[in-house]
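Undergrad: Spelled out from the first residue to the last, the chains are:
There are 2 protein chains.
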Amino acid sequence: MKKITLSHGSGGRLMHELIKGLFIKNLDNPYLNKLGDSALIHAKNKDLAYTTDSFVISPIFFPGGDIGKLSVCGTVNDLCVSGANPRYLSCGMIVEEGFDYSDLERITLSIKQTCKKAGVYVVAGDFKVVEKGAADRIFINTSGIGELYDNARISSSRIRPGDKVIISGTIGDHGAAVLLAREELKFKSRISSDCACLNDLVSSIISSDVKFMRDPTRGGLATTLNEIAQEIGYNIGIDEKTLPVKESVMALCEILGLEPLYMANEGKVVLVVSSKSASRILSRIKKHDLGRGARIIGEIDREKGKKVYLKTKIGSSRILDMLIGEHLPRIC
Amino acid sequence: MKKITLSHGSGGRLMHELIKGLFIKNLDNPYLNKLGDSALIHAKNKDLAYTTDSFVISPIFFPGGDIGKLSVCGTVNDLCVSGANPRYLSCGMIVEEGFDYSDLERITLSIKQTCKKAGVYVVAGDFKVVEKGAADRIFINTSGIGELYDNARISSSRIRPGDKVIISGTIGDHGAAVLLAREELKFKSRISSDCACLNDLVSSIISSDVKFMRDPTRGGLATTLNEIAQEIGYNIGIDEKTLPVKESVMALCEILGLEPLYMANEGKVVLVVSSKSASRILSRIKKHDLGRGARIIGEIDREKGKKVYLKTKIGSSRILDMLIGEHLPRIC
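Residue numbers (our numbering), protein chains in the order written: chain A, 4 to 335; chain B, 4 to 335.
Simulated from the structure, these hints should not be mistaken for laboratory data.
Predicted, not measured: the structure shown is a model, and the values here were computed from it.
Nothing false has been slipped in among the hints.
If chains are identical, the list can't say which one is meant, so a pair holds when it fits in one copy or spans any two.
When the alpha-carbon atoms are kept at most 27 Å apart in a straight line, the in silico DSS-like pairs for lysine-lysine are as follows:
1) Lys-49 x Lys-119
2) Lys-28 x Lys-119
3) Lys-37 x Lys-47
4) Lys-249 x Lys-289
5) Lys-309 x Lys-23
6) Lys-6 x Lys-135
7) Lys-310 x Lys-37
8) Lys-37 x Lys-49
9) Lys-310 x Lys-244
10) Lys-310 x Lys-28
11) Lys-37 x Lys-307
12) Lys-289 x Lys-316
13) Lys-307 x Lys-23
The shape of chain A in the complex, shown without the other chains:
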């Protein structure tokens, strides 16, 4: 079989063969293998976190990842920034007729490896095929269930003036990598997406001192900070000179007139922590491979408001608005 046909999504024999021969074979786990209408999982009288995300990224393969890896990391990260230990995923694929079987296999293997590394299982799946021209290659939706950590108390209502804002590493890597991977652009530096599952990093620092976390994906760090400011009703001040940005990413942004603050990240977390615990938490984050570039980048203002201010390198201050309009379509 070289190409996916409409018959592979019809519910009939070819679909069953594809599901058994590709998905069950690779994503092998006792929940999925039963092939029931639903997977059966057990919850131990716990609070669960539940989330969903669709992935429409173009191109589907890019330096540092692919749509399969991204679709696992994106949902794992949404769960862990909610203070939950990600456990079970669902995965629904919509594929365009004529899609290469070898690409589907590569994406499936990527999902397999990413799940293994993150310690999660794909327990429920769905596969649909639409006719040529009705979708652009492949779209993937994942949803996920995680178990809340007993010692997690993640809530924006706990944020107070003076609390510190931490970012776990350089910003804009994913957006820059995808931009470069699009054929039109030639650039001498190789920029890799930061696409990674954050659950191991988050589990190493989770405690009641961590008041809030969010992963700054679409819309970038600036949009995430604006969401936080709007939720808490205090301004947030960010210091530009502390913002970690890779030189190659900054160079690309300068050429194209883009701001790394609005560019997507897929392996970073923003944390709000109490002032007194900030340096201790920062040093714990920096011990993790995915947190080496972490920095304290600002703090919650004493002033009521819903704005984010950027203290620039030349000493001035400007409002950092939420992303308005479209920065870069199909970034995730």
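Could you slot chain B onto chain A? The hints should help.
TA: Below, chain B without anything else, positioned relative to chain A:
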């Protein structure tokens, strides 16, 4: 706002306005309204059923339903045929740039009404926009979590020779309605999809006497019976003259050379029950609005095998294979 633009999926301000102004406003519930990265739900030390399904149906509006209603019913039904009480849904939409806002609103209201009727909540969502031509109007993925009924013992391993097979009503209605709704076909009868949430019907009959259930969607009743036969390793015999098919559906099938047995259903359940409980369960199903047309249609053979036999009206017998190839693309 008349049309959806790429900016509505960018993660920025326009997306936030759309989410609050349309989705939160209409799908209003305490889990969703927190707008966190994940919804927090509580599981009471129970077994949970977890499932996912993507909907790519064309056309998106059809007699008896639309893609919104379908995306709720499809996932609710997958949960309840697993013996679970559906509770929480996630909903991820992928929309083509230029899609009418009024259609998105109509679909959202349909999701709202269907959820209300089924007693479930959309607690997590995602909204993506792709450029014109990269998707055909709108695709929706839902996933769902249900709590297993204490008295449910749904497992194909409990099926024994002599057990009866029940279908809850007429077959092929959904497939026929969608076929007719496609512009090319003009037909004097109006055929409505059977699209409905089955959780109320299922909860009224759930007991240990119900050994297995499945909803015969893509691939139709014939494919579902083949799946069961393959799982249990016994042949299944079906009596054609007992099969409930609406006259209008049969007429359409005869004209087009299609078989209702392979046509999709979106509001029907196939049950396997012990022989002694069959008539009692059948009469309970028939008391429910969605089960008035229920019939015992066959039984599990004493003969080992993995085939489905159809005893035809003229007295002969033929093998009813799983759907091979494509019957009708984008039926759900």
